[in-house]
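Note that the protein sequences, when read in sequence, are chains A and B.
Mapped onto our numbering, the consecutive letters of the first sequence carry residue numbers 1 to 495.
Mapped onto our numbering, the consecutive letters of the second sequence carry residue numbers 1 to 495.
These aren't lab readings, by the way, just hints derived from the structure by calculation.
A portion of the hints provided could be inaccurate.
[To be verified] No farther apart than 20 Å at their CA atoms in a straight line, the calculated lysine-lysine pairs in the PhoX-like style are these:
(1) A:Lys-184 - B:Lys-326
(2) A:Lys-326 - B:Lys-322
(3) A:Lys-27 - B:Lys-343
(4) B:Lys-27 - A:Lys-437
(5) B:Lys-343 - A:Lys-40
(6) B:Lys-231 - A:Lys-326
(7) A:Lys-326 - A:Lys-402
(8) A:Lys-184 - B:Lys-322
(9) A:Lys-442 - B:Lys-184
There are 2 protein chains.
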Amino acid sequence: MKVETFSGRKIETNIADRSFEPYNGAKKYSGSSKVISFEKALQECKIKDGMTLSFHHQLRNGDFVVNLILDAISNMGVKDLRIAQTAFFDVHEPVIEHIKNGVVTRIEGSCNGPVGDYCCKNPLEQPVILRSHGGRWAAVETGELHPNIAFIAASAADIRGNATGLIGSSAFGNIAYSGVDAVKADNVVIVTDNIVDYPCYFRDIYEGLVDYVVEVDKIGDPNKIVSGSLKVTDDSMKLSIARNCVDLMDAAGIVKEGMIFQAGAGGISLAAIKYLGELLNERGIAAGSSTGGLTKYIVDMYHSGCLKQINTCQCFDMESVKFASKHPEFLSTIGEYSNPLAKGRNIDRLSTVVLGATEVDTSFNVNVNTHSDGRMLHGIGGHQDVSTAANLSIMAVPVFRKTNPIVREKVTTISTPGDVVDAIVTNEGIAINPNRKDLIEKIKGKIEIVPIEELKNIAYSETGEPNKPNLGEEIVGITKFMDGTVLDNIYRVLE
Amino acid sequence: MKVETFSGRKIETNIADRSFEPYNGAKKYSGSSKVISFEKALQECKIKDGMTLSFHHQLRNGDFVVNLILDAISNMGVKDLRIAQTAFFDVHEPVIEHIKNGVVTRIEGSCNGPVGDYCCKNPLEQPVILRSHGGRWAAVETGELHPNIAFIAASAADIRGNATGLIGSSAFGNIAYSGVDAVKADNVVIVTDNIVDYPCYFRDIYEGLVDYVVEVDKIGDPNKIVSGSLKVTDDSMKLSIARNCVDLMDAAGIVKEGMIFQAGAGGISLAAIKYLGELLNERGIAAGSSTGGLTKYIVDMYHSGCLKQINTCQCFDMESVKFASKHPEFLSTIGEYSNPLAKGRNIDRLSTVVLGATEVDTSFNVNVNTHSDGRMLHGIGGHQDVSTAANLSIMAVPVFRKTNPIVREKVTTISTPGDVVDAIVTNEGIAINPNRKDLIEKIKGKIEIVPIEELKNIAYSETGEPNKPNLGEEIVGITKFMDGTVLDNIYRVLE
Chain A
1 MKVETFSGRK IETNIADRSF EPYNGAKKYS GSSKVISFEK ALQECKIKDG MTLSFHHQLR
61 NGDFVVNLIL DAISNMGVKD LRIAQTAFFD VHEPVIEHIK NGVVTRIEGS CNGPVGDYCC
121 KNPLEQPVIL RSHGGRWAAV ETGELHPNIA FIAASAADIR GNATGLIGSS AFGNIAYSGV
181 DAVKADNVVI VTDNIVDYPC YFRDIYEGLV DYVVEVDKIG DPNKIVSGSL KVTDDSMKLS
241 IARNCVDLMD AAGIVKEGMI FQAGAGGISL AAIKYLGELL NERGIAAGSS TGGLTKYIVD
301 MYHSGCLKQI NTCQCFDMES VKFASKHPEF LSTIGEYSNP LAKGRNIDRL STVVLGATEV
361 DTSFNVNVNT HSDGRMLHGI GGHQDVSTAA NLSIMAVPVF RKTNPIVREK VTTISTPGDV
421 VDAIVTNEGI AINPNRKDLI EKIKGKIEIV PIEELKNIAY SETGEPNKPN LGEEIVGITK
481 FMDGTVLDNI YRVLE
Chain B
1 MKVETFSGRK IETNIADRSF EPYNGAKKYS GSSKVISFEK ALQECKIKDG MTLSFHHQLR
61 NGDFVVNLIL DAISNMGVKD LRIAQTAFFD VHEPVIEHIK NGVVTRIEGS CNGPVGDYCC
121 KNPLEQPVIL RSHGGRWAAV ETGELHPNIA FIAASAADIR GNATGLIGSS AFGNIAYSGV
181 DAVKADNVVI VTDNIVDYPC YFRDIYEGLV DYVVEVDKIG DPNKIVSGSL KVTDDSMKLS
241 IARNCVDLMD AAGIVKEGMI FQAGAGGISL AAIKYLGELL NERGIAAGSS TGGLTKYIVD
301 MYHSGCLKQI NTCQCFDMES VKFASKHPEF LSTIGEYSNP LAKGRNIDRL STVVLGATEV
361 DTSFNVNVNT HSDGRMLHGI GGHQDVSTAA NLSIMAVPVF RKTNPIVREK VTTISTPGDV
421 VDAIVTNEGI AINPNRKDLI EKIKGKIEIV PIEELKNIAY SETGEPNKPN LGEEIVGITK
481 FMDGTVLDNI YRVLE
C-alpha cells in the first residue's frame with residue numbers, strides 16, 4: 001500500500017515481506033549547551049530517596065566531588081541513597097556524617113580509610129559490597145549495580161559534555177572507570193572546573209552519553225593523587241623480598257623480551273619493578289608492556305628503553321599524569337583492562353604481577369581489605385583481576401609485621417582466592433601454590449621452594465598465634481569475585 | 001543459610017533481603033593468540049546460508065577485504081548472504097558475480113558505483129537499503145540491522161585483536177565505522193596485513209570485542225583511498241558557486257571565531273572551504289573545528305592557524321591519513337559523529353556545511369544517490385545527518401549539467417528531505433528554504449535571494465523539461481532517514 005511521506009512522496013511501505021514506516025518529518029538539531037547549575041541538574045535528574053549515585057575515584061585522596069555532591073543532596077533533604085563509588089579515601093570522611101543522617105544507607109564500592117572503618121563498626125542497612133575493578137565494571141554492565149545518576153569528575157569538558165581527565169589544572173589521567181556508568185546510568189552529569197572550547201579533545205567520555213555539565217570551583221587537588229606510600233622501600237628486609245620476586249620471575253623464565261608486567265603501588269612492589277628494570281637493562285632486553293596503575297618508576301623504565309609500551313588506566317602520581325597526557329595511545333579504560341565479560345582484556349597476557357597484601361594464608365588466599373583486627377580499611381582494587389590473569393601472580397609480604405603474623409592459617413577476609421595465586425614471596429623464602437606443578441618444575445634447582453606451612457610456622461614462632469579479632473555476628477561487608485559470586489563475609493568489629 | 005565456598009569459607013548467602021551466590025572457583029586466564037586462518041575463522045563463526053556480514057569502507061576504492069572474503073565464502077558453497085557494508089566502490093564490482101551466483105541476495109549499505117548500477121537494473125530479493133552514516137550506526141545499535149559476522153579491516157592488529165587503521169603500510173585513518181558492529185555482531189573477525197607487538201596501540205577496536213584475527217597479504221591499496229574528484233575545482237562557474245556559498249555564510253553571520261564547519265569532498269565544496277579559509281585568515285580569526293571527512297585542504301587550514309581543531313572520522317587522502325596518525329586526539333567514531341540515538345553528536349554544533357547533490361528540487365529535497373536516469377550510483381554518506389544538524393546547510397550545485405536540469409520540480413530520489421535543507425546555492429543565485437524565516441531576515445539586503453522556482457525555470461529554459469527516466473514497477477532500493485523511516489523508493493531501471 002502506498003502512503004504519502006512528510007515530503008509528499010508516495011512510497012510503498014510493504015516490500016518483500018518487510019514493512020516500513022514512512023518519513024514523518026525532522027527537526028533541525030540545536031546542539032545547545034548542557035551547562036546548568038548543580039541544583040538544576042539534580043532537579044532535572046529527578047533525584048529522590050533510594051537512588052544509586054556513582055562516582056569515580058581517580059582524584060584519589062584529592063577528590064572534592066563526592067563530598068560536594070553529597071552535601072548538596074543532603075541539603076535538598078534526599079535520603080536513603082546507595083553510593084556506587086569506585087573507591088573512598090581519607091578525604092571522604094565527611095560521608096560518615098551523611099551515613100549518620102540517613103542520607104547514605106548503602107555503599108557498593110571500594111572503601112579505603114575512615115568510611116570503611118566506620119561501616120565495619122556501624123553496620124549499614126545492607127553490607128558494603130566490595131568488587132574488584134573488573135567486577136564492578138561487569139556489575140554495572142549487567143545491571144546488577146545500576147546507577148541512577150553517574151557524577152563524573154572531569155578536569156576539562158566542553159558545554160556539550162565531551163570530557164577528559166587529561167588536560168587542565170586538575171588533570172588526573174584519562175577517565176577510565178566511568179565509561180560503563182556513562183553508558184548505563186539513567187542520567188550522566190559531568191562535574192568539571194574547566195569548561196574548554198568545543199570540542200574538548202582527548203575526550204574519555206563523549207557528549208552522546210552526557211545529560212548535563214556542572215561547573216564547580218575545583219574538582220579536587222591533584223597533588224593529593226599521590227599517596228604517602230608511593231616510594232620504593234628502603235627497608236633492607238623489604239628490599240630482600242623485592243629481590244626474591246625478581247629472582248623468582250627469572251627462574252620461571254619470565255624475564256625476557258616482550259614480557260608484560262604489573263606492580264602494585266606498595267613499597268616492595270615498586271622495589272621489585274626497579275630491580276626488574278635494572279635486570280632488563282643489564283641484559284639489553286625490553287619488556288613489551290606494563291599494565292595497571294602508572295607510577296614514575298614505570299615511566300622511568302619506559303624512558304630508559306627497557307619497556308616498549310605502557311598500558312595504563314590510572315595515574316598514581318603527577319609524573320604519570322603528565323606522561324599520560326602526552327601518550328593517549330597508551331591509555332585504556334577499566335573495561336579494556338579487566339572486564340571479565342569481555343572476549344579479552346589487557347591483563348590477560350600478563351607475564352607476572354607483584355602485589356602486596358595485609359595477610360596471606362596457607363591456602364594461598366589473600367586479604368587486602370581488612371586488617372587482622374577485622375577493620376575494613378583498604379581498597380580491593382584490581383588485585384583479584386590481575387592475580388587471575390597473570391601467568392605468575394606474586395604476593396610479596398613479610399612473614400610477620402610487628403606482633404602480627406602475615407602468613408597465617410586463615411586470612412581474616414578473602415579478597416583474592418588462593419586458587420589464582422601462584423607464589424608468596426617473603427623475607428623467609430618463597431612458597432609456590434602446589435596447583436602450579438608446571439611452575440614448580442620450571443624453577444626446581446634454581447629457587448628454593450619453602451612450604452607455605454613453614455612460612456606460617458616461622459611467623460607464629462615470632463609472634464605467637466594470631467590474635468582473635470573481636471567480631472560480632474552482623475555481616476557488614478561482602479567481598480565478591482569478579483564473576484559476581486561471594487568470596488567472603490566481613491563481620492562487625494566490636495569496640 | 002551458611003554455605004561453603006570453593007575456598008572452604010563458610011559464608012552467609014542471604015543478607016538483608018538479598019541473596020548471593022558463593023564463590024565457585026576460577027581458572028587462570030590464558031590470553032592466548034586469536035590468530036587463525038581464514039577458513040578456520042569462518043568455520044568457528046559457523047558461517048551459513050542466510051547470514052548477515054558487515055564490512056567498513058574506509059579503504060574506499062582501495063579495499064581488498066570485501067572481495068577476498070566473499071570469494072572465500074563463495075568457495076565454501078555458502079549462499080543467500082545479506083551484506084551490510086558501510087559503502088561499495090568501483091573496486092567491489094566482483095560482488096556482482098556473487099549476486100548472480102546467489103551468494104549475495106540482499107544488500108543494506110551505501111552503493112557507490114557498479115554494484116549499485118547492477119542492483120537497480122537487476123532487483124535483489126529485497127530492495128537495497130540505503131542508510132546514512134548515523135542511520136546505519138543506529139540501525140545496528142537497535143538490532144534493526146544485526147550482523148552475524150563483522151569483518152573489520154585493520155592496518156595493524158595484535159594477536160589478541162586490538163586493532164587500528166592508523167599505523168602500518170595500509171593505514172587509512174582510525175577505524176570509525178565498525179565500533180557498533182564490533183559490539184553487536186555475534187562474531188568479530190579482524191582482518192589485517194600487519195600483526196604488531198602486543199598490545200597494538202592507537203587501538204580503535206579493542207580485544208574485548210574480538211573473536212578472531214586473520215592475517216592476509218594485503219588488506220588494500222591506500223593510494224586508492226583518494227578519489228579522482230578530490231581537488232578544488234578550476235571551473236570558473238563552479239568557483240563562483242563556491243564564492244556564493246561563503247558570501248552566504250558571511251551574510252548569515254556565521255563566519256566568526258569558533259565557527260564549526262564541514263564540507264563534502266566535491267570540487268565546489270572544497271573550493272568553498274578554501275575561500276572560507278582565506279576569509280578567516282584575512283580577518284585574523286579562527287574556526288573552532290571542522291567535522292566529517294578529512295582532506296588535505298582542511299589539514300592546510302589547521303596548519304595555517306585559521307582552524308583550531310579538527311574532528312574527523314574518515315580520511316579522504318593520504319595527507320589526512322598521515323595527519324590522523326599524529327593527532328589521535330582529533331579522531332571520532334561515527335557513533336560520536338552522527339548517531340541519532342545519542343544524547344549529543346559532534347555534528348550538532350555545526351555552524352554550516354557545504355554539500356553537493358545530483359539533483360535538488362523546489363521542495364528543497366536533495367538527491368545524492370541516483371542519477372536523473374534512475375541509476376543508483378552514489379553513496380548516501382552523512383548527507384542527511386549533517387544537513388539536519390547544521391545551522392546552515394548549503395547545497396552547492398549548478399542549475400543544470402549538460403542537458404540535465406539539476407534544480408527541478410521533483411528529485412528522482414529523496415536522499416535528504418527538504419525540511420532540513422536551508423539553502424541551495426547555484427551559479428544563478430541563492431535560494432533559501434522559506435521555513436528559515438530567521439535566516440532570510442538575517443541576510444536580507446546583503447544577499448539577493450532567488451525563489452527556488454526561478455532557479456528551476458532557468459534550468460528548464462536551458463535544458464527543457466527533465467527527461468523521464470525509463471523505470472519499471474519493481475522497487476530495487478529504499479532510502480531511509482536516520483530515524484529508520486523511509487524517505488523514498490528507488491525503482492528498477494529498464495534497459
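Now for the hints, and whether the structure bears them out:
1. A:Lys-184 - B:Lys-326: 32 Å, violated
2. A:Lys-326 - B:Lys-322: 18 Å, holds
3. A:Lys-27 - B:Lys-343: The hint holds at about 15 Å.
4. B:Lys-27 - A:Lys-437: Between B:Lys-27 and A:Lys-437 the Cα gap is close to 15 Å, so the pair holds against 20 Å.
5. B:Lys-343 - A:Lys-40: 18 Å, holds
6. B:Lys-231 - A:Lys-326: 34 Å, violated
7. A:Lys-326 - A:Lys-402: 43 Å, violated
8. A:Lys-184 - B:Lys-322: 35 Å, violated
9. A:Lys-442 - B:Lys-184: Distance ~42 Å between A:Lys-442 and B:Lys-184 Cα, so the pair is violated.
Violated hints, in rising order: 1, 6, 7, 8, 9; the structure is consistent with all others.
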